[in-house]
Amino acid sequence: MFNSKKSFLYAIVFAAFGFTACESNDPEPENDGEVITDVILSFQELNLSGTPTGAITTFKASDPQGIEVGSTPTIDNVTLTKGKTYQMKIEVRNSIENEDITSEILAEADEHQFYFLGTAFVGSSVLTYTYADSSGDLLGVVGKVVVAKSPGFNNANMRIVLRHDLDKNFPGASNPNFENFIQAGGETDLDITFPLILN
Amino acid sequence: MVNAQTCNLSIRGKVIHLENNEPIEAAYIWVVEAAQGAVTDQTGNFNIKNLCPGTYAITIQYLGHREIKDTINLRDNSFNKTYRLEEESFNLSGVEIHGHRDAVQTTTAVTALYGDALMEARGENLGESLKRIAGVTTFSTGNTISKPVIHGMHSNRIMILNNGIRLEGQQWGAEHAPEIDPFLADEITVIKGAETVRYGPEAMGGVILVNPAPLFTKKQSLTELNLLGGSNSQMGNIALSHSGGSGKIKGLGYRIQGSAKRAGNVKSPDYYQNNTGMSELNFSGSIGYSSPKLGIETYYSFFNTSIGILRDAHTGNLSDLENIIQIGRPFTDGSFTYSIDNPKQVVSHHLAKLKSHYHLNENWKLNAQYGFQLNLREEYDRRRGDLNDKPSLDLQLYTNTLDLFLDHTHSNEFSGTWGVNLIQQANSNIPGTGITPLIPNYDMFNLGFYLLEKYSKGPVELEVGLRFDSRSVQTARYINNELQQADLNYQNFTAFIGGLFQLSPTLSLSSNLGSAWRPPNVNELFSQGLHHGAAAIEIGDPNLNSEKSFKWVNELEYDFKKLNLTVTGYANQIQNYIYLNPTGENVVSLRGTFNVYEYLQATAFFYGFDFAGSYQFTDNLSGYAKGSIIRAKNTDDNNYFPFIPSDRMDWGIAYNFGKSASSQTNKLTLSNILVSKQKREPDFDIAAAPPAYALFNLAYQRGIDLKGNKLNLGLQVQNLFNTSYKEYMNRFRYFTDDVGRNILLKINYKF
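Chains A and B, in that order, give the protein sequences.
Counting from 309, one number per residue, gives the positions in the first sequence under the numbering used here.
Counting from 739, one number per residue, gives the positions in the second sequence under the numbering used here.
Incorrect hints may have been included.
Unchecked claim - Mimicking EDC-like on lysine to aspartate or glutamate, the simulated pairs with C-alpha atoms at most 20 Å apart in a straight line are:
(1) A:LYS476 <-> B:ASP1071
(2) A:LYS397 <-> A:GLU419
(3) A:LYS476 <-> B:ASP1079
(4) B:LYS1082 <-> A:GLU336
(5) B:LYS1128 <-> A:ASP340
(6) B:LYS1128 <-> A:ASP445
I should point out that these hints are in silico values taken from the structure, not numbers from a laboratory.
Bound conformation, chain B alone:
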């Protein structure tokens, strides 16, 4: 059976860090007998082809890591193995220590925004930046407040992690944007699955991780300056960061970073939107120490913003609201100004973190992470006299989080995490607003235990996780001088099972089935009264149950030479889905009439898919397309929920003037965004869904090498033809057209 044509076997595998399962790029694999080698790709995969059956000795090497020698008996084409490289520094007391950034260990669909794509998104808020990821849209209030939406879920149904700490702001409000500066991130990752087990309650629709770069661990320094300007709203934005590593103390590194932004009234094609300016001032700093056994990092970030709210969107009663909706635009053409008047929001957020890990031995790592957050939110309305200087809503939210977890990785197939997670929260209304608070004061305590185990063998990774949470909430508020108190408790189990399958060197499949839960939020439980400016009376229900969901996400990724394609499909069933339903009743008062809304629960079914692909036509010309389709239905009443994104797609072509793909970026991109009309509307909406629209954008990106320093220049024209349009997912579509043409100049310099 010696046959020449059987020499078509291959050795496939994956190389990862023993310590944290992160894939190793550019590890070298050498097959001694065949005198053939290969280098692992970005995901740690390698493939050595055209081998005859037989026994082979292979070696795997990577700088600073202990070499692996293995003997393989190659019989058929099913060979595939995962190799874990151990850092030599464990035993040799530090040849090289690398900074820690634990990779997202998940079998769920994950997409990240980094490098050039992130640079193109600079100057935008978090929600707007993430629109670049297929399946992520925004739920916005005007053009300055936007919240990310993952697979149709937003606010308290998704979670945002600022450098590993779950961001705790007043997420419940539609007009409450996440309190985070996108400039602190060098990578933003979106997990599109239910990740309650790993991250705690509320990570039902997905998770967004905003991560800075790892700190330097040796003598090194990097300063990055960003200067941005935009023609629309005459926006100016500056961001500066400086990172350094100590030469005296090995493993000591730090970073300081800050950004400032100022913008005036937004211009729609035909008019200015009065009072839509904003200003932002952010700062963060961190210092860390890494040794072979120990890692300690402290981090602090401060976010501060003032945002003007479109004047004419703030209405006194139902007839005001109906009148402006009928016109569909502000009453006046407005003019440009930077000044911000009432109605406005002033929000600041402090986040401090202390994180440490300790290697008990080469297989076990103990981690502790503590986070402190203080969120201050003031909302100002148009009022009479001195009351204009007093916020109508003045909230102060303290959050403490503590995570203790144990990671284990072994040279065999198992790895995992066992942990305990504590969240303690205290929310207070600061007295003196002259308005009965929309939500009560409350104290919340959440205790969670979780366990994750992963089995990796060759092309297969399987993962299971379990979690138990117990939450208690005590609330208190005065309504009409009467103290109203409540004491609520919620307990839930969640679990998931997932797998990642490398079907062939070019094709991989991931599948994840996870349960998740979310306790009802205080506003859903206790809202009672007028939602100022919205001409709506909202009534909560203290007897609401926790939402429980099952989400199944599958992702297929194909990557071969010129073509790269990712398709994600999902189905998500949610029991007790909480939504705000118009009762059809009105309240008549001296101030006029108001619609009444109540919080109800129903079974919801969400499903859909996203795709993202690119194709390299020639060395210079490439094209891309991405899009998403979401369907969401109330299966109890067989009707639709409001504010579900309509079908959309973004495609474009790029021409690279550089000689090859590896040279400095010198690229012109023309893109087209197509958004269809939302035809699946709820039974009641105060205005019909706006028509479909198409927008064109043009972008030029140029990278220049200046004696080792890097200069990046970007020129972008958004909404090239100054098209008037309205987006269904923008709550202010009732009152105004969306933003008109915007020309942006972006300068980025690294030295």
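Isolated chain A (complex conformation):
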């Protein structure tokens, strides 16, 4: 029926063949497509009828290495004029991949939202923000910023947070200055603070 000794030897030989070395694949560089390396704020004055007019001023925060030990972002000072009303656009980029992340955010307007916090927006607010996205979503890629005529101070912090995967219907979430944004769930994709100087 079975030749025991032979069968055992066959088993060993089979095992040895099975032991053909599987080798690991050669690694391939991975493109970190999600990393945000640049945030660009562009301000353009709005006239009384609400149409953008005049020159566009841009301010940038950048961190070319992404999230890495030892690297800190460089952030421009934002300079605005008292009493004026601006249209503020936010552009988000990945310079490693030369990718425009803003369009991805616009495509998922129902899952993203910018919040505007810090001393510039909260408390004795020097800036008043209103969402003005063309799609009608409360998103914050485009917004209206009104600078107070005679603010109590000329220096403040503009903290800009981008939340992803939040519950937009959470009570209070529609407020662009919602301090408890974390309670609406989701996670933070961006959290930067621009120093604000008012002239």
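Mind docking chain B on chain A? Use the hints.
Frame of chain A; chain B shown alone:
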């Protein structure tokens, strides 16, 4: 000196299989002159009392085995001898061939989960099931992912064997549960000692053996169906197995087994945990042939699971993390659903094995075992757009293992094993994740030689073992488009010495002192960057040395009539213990702030004890208690390590409605689990240890005999009072309460 009162001597001994040292239960011993007999117990021990000094002829018999005749000169009470029975089939070409399941040959503390206890644990994952063993706890990530912890050690410091093959998955991650279906086991054994010599590197804290029943070797068939349902998470679980033996070819047997499980969102007492559903689909099959000289078995198992990760536990940066910790619960109350969304894990594991043994002669047995494993792990995060369909971590791990070993057993006192063990592993990141991989691609090769010898005489068993291992690891990965490679080598000797002493018929002591080692894992060497979802930046160190440990385990077992008690005490010193330490630094980025952690090494000292006991108050009423205490300290810095289980105990009373213990199970058990607060906390933790808690469980088990077929019904209520609690060893204690009340119905039918 003829004196009547000296007739108080006894003949004690143990009966084991010559072939594999497994104890023989129900062997018959007859003392001719005294016309007295005895039957061996479960552990093979016997004791014949009230004998006068003198010379006796004894015979030892067991079905299918060759009878032993011995002459004893009985002078004092120290007589104790081990008898090895030889299978008659060796020479008579097969009166009866029994299936092989080699017993765990160790002098270390061993506890097994089988029979009714295993049936009660059905429906739980491996980690949860093993919590029933004193000294074993879990390290979990939420309520669906749990890893077993033996004496404070987990992940790569313990080893899991799936039917004899060391399970090779991505064990390093805290959220990587063992890829194994508990339904394939009919016995799960936990070895609580360092067993590097026998099983290879990494078996430092202990070993878990998940073993199916031996295959049938004669015409026979058994089908087992398990149906389970749980109220919490609306869990449904079905498992079916069928075993058969061939009537045409003597010694040919097979088994096929499969299970499926589906569960939705877990409910804590006050809310649902969103996205905590899971599904599992498993299959295994084996076929084997046994003849007097030869045994061959092939085995294949497939494990496949999808597990949802609690949505709010996945945080974007440190302030997200701090905010949810402050609340200590998910932001929303959640709702029930079976659907699993990102973040999630999809894991599958293939394991194939070919095992064979050949009896060179009645004393020498040659064994060969080959195992192939493929582990596929995909982890999905919340990302933007199409990236949601791409895993953030996509790993493919191939492992080949080959064991060749020679067993020798003799009718004299020596037995042993000499072997060589090869492990070859290849890990690849599957490109296209859009994220720099957390661990590099690597190739690993490990060659080990080992030798174990055992001396058994009467009440004493002594065992020594030696092993030498050499391991090489080559890694490669791109970071910022730069190829980073490393070539690492590790060599180590390990050894152990152990003994088992039958101090009296009711009391036995085992003691084992073993060294063990573990090479640093790739994640400890090469982690570099953000641990997604955990708001932590982890930095590895390629210069880490191997961990080296000495573990001393002692177990005292007392078993007399109504009382059964086991106490295990141990001390474990580990040099170069690798741990993740918060540096206290932060990284500031456009995404916010992150804590930085680095892998460091220090001398660790673990010690503690576990106990398990039961007492039969009356024929119907019994009680049990078990518990464990662990202390673990960083002796270099004189502080504590994180995630060490706090002191705990589980006790209960059971009432058996049956007329006697031997009749069908008809038992109600009320149990209480007490867990203290972990007061020995590390210097830094993102949240304080949760308070102590107490839980009550109720279980009813009923066995019914249906014309030879067996039906078992179980009804269990876990967390009877729907208590809100948090377990220190659950990483999601930061984000949510643990699981609330769960009512389970379990049906098991064997036909």
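Status of each hint after checking the structure:
1. A:LYS476 <-> B:ASP1071: Answer holds: LYS476 of chain A to ASP1071 of chain B is near 16 Å, not above 20 Å.
2. A:LYS397 <-> A:GLU419: holds (19 Å)
3. A:LYS476 <-> B:ASP1079: holds (18 Å)
4. B:LYS1082 <-> A:GLU336: violated (24 Å)
5. B:LYS1128 <-> A:ASP340: At roughly 13 Å apart (the allowed maximum being 20 Å), ASP340 of chain A and LYS1128 of chain B satisfy the hint.
6. B:LYS1128 <-> A:ASP445: Violated - the C-alpha atoms of ASP445 of chain A and LYS1128 of chain B are around 27 Å apart, more than 20 Å.
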